[in-house]
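Undergrad: Here is how the chains run, residue by residue.
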Amino acid sequence: MAQQQSRIITLLTDFGVQDAYAGIMKGVIAGINPRAGIIDLCHMIPPQDVFRGAYLLYTSYRYFPKGTIHVAVIDPGVGSERNILCVECKGYLFLIPDNGLLSFILLKEKTKNIVRVTNTKYFLPEQSATFHGRDIFAPVAAHLSLGILPSRLGEKTDQIHTIDIPNPVFEKERNRIIGNVISIDHFGNIIINITEKHLADLKTTEKDFTISVGTMKITGMVKTYADVKAGMPLALIGSAGFLEISINHGNAQKYFKAEKGQKVCINS
Amino acid sequence: MAQQQSRIITLLTDFGVQDAYAGIMKGVIAGINPRAGIIDLCHMIPPQDVFRGAYLLYTSYRYFPKGTIHVAVIDPGVGSERNILCVECKGYLFLIPDNGLLSFILLKEKTKNIVRVTNTKYFLPEQSATFHGRDIFAPVAAHLSLGILPSRLGEKTDQIHTIDIPNPVFEKERNRIIGNVISIDHFGNIIINITEKHLADLKTTEKDFTISVGTMKITGMVKTYADVKAGMPLALIGSAGFLEISINHGNAQKYFKAEKGQKVCINS
Amino acid sequence: MAQQQSRIITLLTDFGVQDAYAGIMKGVIAGINPRAGIIDLCHMIPPQDVFRGAYLLYTSYRYFPKGTIHVAVIDPGVGSERNILCVECKGYLFLIPDNGLLSFILLKEKTKNIVRVTNTKYFLPEQSATFHGRDIFAPVAAHLSLGILPSRLGEKTDQIHTIDIPNPVFEKERNRIIGNVISIDHFGNIIINITEKHLADLKTTEKDFTISVGTMKITGMVKTYADVKAGMPLALIGSAGFLEISINHGNAQKYFKAEKGQKVCINS
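Chains L, G and P supply the protein sequences, listed in that same order. Per our numbering, the first sequence starts with residue 5, numbered consecutively. Per our numbering, the second sequence starts with residue 5, numbered consecutively. Per our numbering, the third sequence starts with residue 5, numbered consecutively.
No lab work stands behind these hints: they were computed from the structure. Check each hint, because a few of them may be wrong.
For identical chains, the list gives no copy identity; a pair is met inside one copy or between any two copies.
Result set (BS3-like, lysine-lysine): computed pairs, CA atoms no more than 30 Å apart in a straight line [what the hints assert, rightly or not]: (1) K125 <-> K201; (2) K112 <-> K125; (3) K125 <-> K94; (4) K160 <-> K227; (5) K125 <-> K227.
Could you build the full structure based on these sequences and the hints that come with them?
TA: Take a look at the structure:
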């Protein structure tokens, strides 16, 4: 753990930017720990899209200093009996509703401690039934940033919900991998749940891959965008370690009309 | 007042996110007080929408530590003879153009001191006629965050403009309340100017309410979203203390085709 | 240069707000310099739009305290042989891909030192081919904010790319100026590459100007929006020092159907 005075709190929500919900959370945090460094991960998760929240959390969490408190409030069950968890994993703390937001991370990593957050001492005095980001997550995160131990927040548990993350399928006899689109970013890059490790299963070289998205195909992989001409499609291993389909200086999502969940086939 | 070194400045504007206007304000603040904590409340107020600014300020201001300087630059009269005010209220400072941005707050609270901000000593040396956020609000807020007294900014006044905030009407003989939509949030929640106090006027229990929005009706109120099935409409008291109409896991604004200002009727 | 402990890092990117790319950069910075003050200039530069990045950088940079490190990652050539530069100019440091992002500033100012950033000691240990914002720009900026000298980053160079910034043309015999739309902001204000200095060439007074945008005309210039009635078009010198066409309480871009690059003619 980093020294406590420099603990950072990140915020990942589906609150959007047209209201003041994220700002209010920061106000609550600042009222408890004026020195907390607060960093926005993203507030544009589509409403209730736990899968997307889990994906962004996975691609982001490890680039922060150890000890960072990652707060994710994509919380369609707010006000219900769903638990709020404080999870220790890889030297980070995650404060999340128990709805699967760690699912991508838990494909690779193990949790160390899981606590059900129930100690109202660390909540705002009054809790609404619809904005636990303000009333519970923000004050609890602020107290954690001051150094209180997760064990003070409630009882330990060994239960944590996960959601299904699609796994690519390697069809050995046909020497091909069937993957799925797991993210489409702002640039229109199409991100697929296939890593270099998966590709190593194929009996071929990178140059010989044929990647099929819908009715369209890309042949071969490159190292970076500039390896093809502007406007041309390409495939590469992107910054999150996944196979990405892009257009140099363009928008692959528009070109391929790709959708999240869509199948992508890598043939050799 | 909180100790001066930890004073926070919040920013609420209609500047949007496609330009650097909000960032520039932060640069000016940092040049005067590098230690000022700056928190974005919201920059997506629709251009010139003072009503919406007033609403967000009301729902946000009290979640910040006392002493916070709330700067709101929704300022269609920029460059005109309109005043800029520094208002003390409930232990907070508000730095606003005098166009009604405190109207929601002043329904409930009283101002303590109002100062017309005229002392150019605290402005940038040159002031444009169109970007007082940069040239006046930012530097004045930064100086306030360093601890200068509001009285240094100009002369006291007891005048402050307000705009009309619609009041719900209780029709005793018909035992019903007519309210208005005052906000629609990012999730499509429809927020109405009716509080629990208003509802107490109705001779009925919460279960018996019929809430009419256009041609559609909701019967009864619940405590939280999860009290109805996913996709079903509901009414509850939301996190700002107002009646809200929502769809569990859905978007009530799209479903009810609600618009700001629209009448909503609560019958018993 | 400002004292090193208070150095600010600004971020200007085309990363948008739907992913966590900007947040990840901040995590990397915080891991190296937890005290760095990070300010978002803008993340909504249209993808690969170096011209717009250069414009926003020009209108913003000088409102930050001296010593500020301006990081601009509009980087269509990421992963290619394009250089990354650390440029000293007017007491600021600019960390940019060498693609013209300083073009607007260099119309007026001279660079002091230019360094090609090649010293991998200040990069993340592994560098992707597609996200140098995270792997190079963020860690290098963080090290600069800790006070390392730009000369530690690589070799000096005197080469820096610029892009064409259109120059207004003064046609003396016809006593008119032909300019171009260089920016349209969130409010729909149309910003033109004509300054007061250019206007001084015209043999006339401000009142006599006729400004033609497409088939529409505005006569005369005013000082501020409120000089015309709500809904009326106007021309003034805006906060960036350029001629702007606006609608008081309205959106000039929609009214004039203006587009970036479009010609605007000022006649007397």
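Undergrad: Work down the list of hints and note, for each, if the structure agrees.
TA: Hints, one by one, checked against the model:
1. In this assembly of identical chains, the alpha carbons of K125 and K201 lie at most 30 Å apart only when taken from different copies (28 Å versus 47 Å within one copy).
2. With identical chains, the CA atoms of K112 and K125 are at most 30 Å apart between copies only, with a shortest distance of 29 Å across copies and 34 Å within one.
3. In this homomeric assembly, K125 and K94 come within 30 Å of each other (Cα to Cα) both inside a single copy, at 27 Å, and across copies, at 25 Å.
4. For the identical chains of this complex, K160 and K227 are inter-copy neighbours only, at 28 Å across copies versus 45 Å inside a copy, given an alpha-carbon limit of 30 Å.
5. Taking the closest pair of Cα atoms, K125 and K227 come within 30 Å of each other only across two copies (22 Å); inside a single copy the shortest separation is 52 Å, beyond that limit.
Checked against the numbered hints given earlier, the structure satisfies every one of them.
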